[in-house]
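Undergrad: Could you build all of it, start to finish, from the sequences and the hints given here?
If you read the sequences in order, they're chains A and B. Using the numbering used here, you'd call the opening residue of the first sequence number 7 and step up by one each time. Using the numbering used here, you'd call the opening residue of the second sequence number 12 and step up by one each time.
Read the hints as simulated data drawn from the structure, not as lab findings. Heads up, the beta-carbon is just placed ideally off N, CA and C, and yes, glycines get one too. Treat the hints with care, since some could be wrong.
Unchecked claim - Computed from the model, here is a short list of chain B residues facing chain A with C-beta under 8 angstroms:
{"#": "1", "residue": "Cys42"}
{"#": "2", "residue": "Leu57"}
{"#": "3", "residue": "Arg104"}
{"#": "4", "residue": "Gly338"}
To be verified - Not everything, but these chain B residues come out facing chain A in the computed CB check (under 7 angstroms):
{"#": "5", "residue": "Gly44"}
{"#": "6", "residue": "Thr85"}
{"#": "7", "residue": "Ser103"}
{"#": "8", "residue": "Lys167"}
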Amino acid sequence: MADSDVRFVEIEKLLSCVHCGLCLPSCPTYLELGTEADSPRGRILLMRALEEGRLRPTPEVTRHLDSCLGCRACETACPSGVPYGSLIEAARPFVEEHRPPVARFLRWLLDSVLTQPTVRNVATAPLRLLAGKPWTARFARATSLSLLGYAAALPEWRGVTPLPPVIEPDRELRGTAVLLTGCVAHSSFPQTTVSIARLLARAGVRVLIPPDQGCCGALSLHLGNDTRSRDLALRLSRHVSEDEADWYVTTAAGCGAHLREYGTLLPNDSGAANIGAKARDPLDLLAELGLPAPQRPLKAKIAMHDPCHLLHGQGVKNAPRELLRQIPGAELVELAEAEICCGSAGTYNLTEPGTAGRLLTRKLADIRASGADIIAAANPGCLLQIRSGAILQNMPVQIAHPIDLLARAHGLGD
Amino acid sequence: MLPPGFAQRMRGLVGTDGVVDRPESLLVYECDGYTLERAAPEAVVLPRTPAEVAQVIRALWKDGVPFVPRGAGTGLSGGTLPVEAPVMVCTSRLQKIESIDIANRRVVAQAGVVNLWVSRAVKDAGLHFAPDPSSQNACTIGGNVAENSGGPHTLKYGVTTNHVLGLELVLPTGEVVQLGGPVEDRPGYDLTGLVVGSEGTLGLVTRATLRLTRVPESYRTFLAVFDSVADASEAVSGIIASGIIPAALEMMDGLILRAVEDAFHAGLPVDAGAVLLIELDGPEAGLPSQSEEVRELCKAQGAVEVRTARDDAERTLLWKARKRAFGAVGRLAPNYCTQDGVVPRTQVPEILRRISATAEKHSLRIGNVFHAGDGNIHPIILFDERNAGEVERVLAAGTEILEACVALGGSVTGEHGIGVEKIAQMPLLFSPEDLHAMATLRSVFDPQRRANPHKLLPDSKVCVEARAPRRQAAM
Ligand SMILES: Cc1cc2nc3c(=O)[nH]c(=O)nc-3n(C[C@H](O)[C@H](O)[C@H](O)COP(=O)(O)OP(=O)(O)OC[C@H]3O[C@@H](n4cnc5c(N)ncnc54)[C@H](O)[C@@H]3O)c2cc1C
Ligand code: SF4
Ligand code: SF4
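TA: So this is what it looks like as structure tokens:
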């Protein structure tokens, strides 16, 4: 087959899977469903059959590819170095074309709502009334409606505090970071963005916050819209690529992992290459730069949930634990299966509610068994997912972004 | 062909999502870790509890349908290949560790529990499940029992059968029997021992009572570097002859070293001819003197360097490199086939010579990474299925190597089992009378050959008819 005959990915990449099965138990959907077509090995074989033209993207095939969280836990487990994440991302737009029109439209709509600020603001206006209110939580429990659970899990709406375009460091300058506020992240958890800006300044970082940033394109790609995803990435890179920046940071691990791929995504754009090369998780950066000892105690048992896009997507595991351990009074405990996805996975909880719900139940059981008072999750999606579950089950556990916990301990939060 | 209404009846037993029967979704079940032969089943059934397994198998018995058990499908001898058995019964939903008894050092685990989960569950008590196949983060207890799996630490701690106290087995009729039990050395026939290693041909194991072992107090892990495979093999013989029993004694040759270093950056000497990974364990007090002795023995056999892992992190890295070596080989060639044979320890140098002669004869590259202390070799034959005639040469080379093992007084499998891959070699090891006796024994459990038919024991019919046409290119 000539190069031009590639349907969506070069066959060599798919052939790097030797069918050993070592990735199986790392895959959350395989763990829950037990069906191998819902495992990395099974999906790679389906993609290979699609690429070779042996199979067509029937609803059955699409179902197994859709059930993939994109969590990339399989990449961490695979000894052969199979680039699973890039394989599934290449396959998604291909199957998208073959979806029935109604399903395609709904996914397009979801993509539009989430990634365009004006549309999102209109569409989510009713949510603001419900967000974070105790009665929303009670109502959610009474009706067992998971969507209400999500609403209750959001912080109470207080408007988005605009941040100044530049925040100067509190101490000797260590470098300059561009803070990407993230579209969904910032409008749902504005406080976390403020927290990280202050913490970075405390660590000696000059923080640049370009206004009117827009979305990084991660969600669009997840929904199989690679054209929009690339447009958004191009727009962002035009807007925020700064020569003086040493790092690009975001509080959403999903966006952070995506930024790292910018170089491959837009091979001919120097701005994108710059962002891709300098993307850095802010907790990892803080742990490296070091912070003065936090003063405010927090007497609690804290357990980390490892967001997939932080652990498997960016290889960050110890940094947040090290930072939290410094808080006086804090005791770190480990969550069983901390590395297993909570079911949030970008828009997965909206498009695949069944499996997402099962993974959430699994996560909540592990949380209960750990005896933790606080679960720290460094990604807005995980925060919402786990918190909504805890609310629906009326569990006495707090779910927080480690950045907010840290900011409070450093006297920088609310 | 399945009887009419089969899927419907099964769904009644295991739930609507517990039966896979669409061709797209069955594709992945066409092979396990042994990819040279492939055939998809007509249906896969996924029971959620041991009780459901019994119901499913009873229904299969009534319908007259033979079945294949499957765990994680990491097997390397095609044990899960459906041969005249249209239904696969998969244990992936039997994930519960049912009870943990720290005081008496035992656990009861369902068949689908992953090997490593057991050790993880009892880690805080300073215990572990000793058999540690390199696939331990994926393979299941049911698979370990069926294959009598071992691992690098088998040298000192034995294989699966040494760590299984009792089993629950569903016979091909659907009848449930309990074998062995929580106490050691029960009187009467050792039926547990019979079922361990039976490769799913006596029924489906649903639960196992496993023995836990204390995690050693201390370790010393060495990397001994040699100019040639021959020197390294002599060192193996030297260490064993000295009476020291290392916890593990593993060899990697130059070809493998370079692939592994590429993948894991463990600081391995890429220009060496071979290395030995040697581990001593036990009470701290005994280790310094033994360590010294091992160093001396290696030096005496021409080791150019003997490194000691400085800390736990370095030890972990060395083991990661070793345990994931098969995977790293994927970087050397698009396809590979791992052989598994045994020779008496003293014949390790000779078998390695013969392997390299075979490689030359068939113009193939063959790497070696194996349990040297047990004489359990794993030649890895590299190839590219897209090159004409290469698959045939791989099969021929594999056969030659196994025949050499037998000629040297060894066996055709150390730990990966017979499956379909090595069924043709069974007559090399056993006389027709032996094989007949085994077939008679099997008939006590499975007179109608309903459980994993045409595996383990050659029956002349299938050997000739079904095998050859199923041979397809590897993937
Ligand atoms: C990279 C790699 C490294 C490996 N390293 C080792 C090693 O170091 N040592 C070693 O011994 N093996 C090794 N293996 C082989 C394999 O992992 C083992 O044989 C393992 O025990 C198989 O377990 P499984 O759950 O994958 O079984 P499967 O592959 O699913 O099945 C294997 C056989 O067991 C039968 N079976 C499975 N479950 C049951 C049950 N509940 N009841 C009855 N029969 C059943 C099946 O029918 C089949 O015949 C390795 C494999 C790979 C891919
Ligand atoms: S993805 Fe990697 S770990 Fe999984 S089956 Fe393929 S080679 Fe093995
Ligand atoms: S990305 Fe996650 S869900 Fe998808 S195959 Fe890999 S481990 Fe499974």
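Undergrad: Now, for every hint given, state plainly whether the structure supports it.
TA: Against the structure, the hints come out as follows:
1. Cys42: holds, 7 angstroms
2. Leu57: holds, 5 angstroms
3. Arg104: It holds, given that the least Cβ distance between arginine 104 (chain B) and chain A is near 4 angstroms, below 8 angstroms.
4. Gly338: holds, 2 angstroms
5. Gly44: With Cβ-Cβ at 5 angstroms, under 7 angstroms, it holds.
6. Thr85: holds, 4 angstroms
7. Ser103: holds, 4 angstroms
8. Lys167: violated, 25 angstroms
The structure fails to meet hint 8 from the earlier list, while all remaining hints are met.
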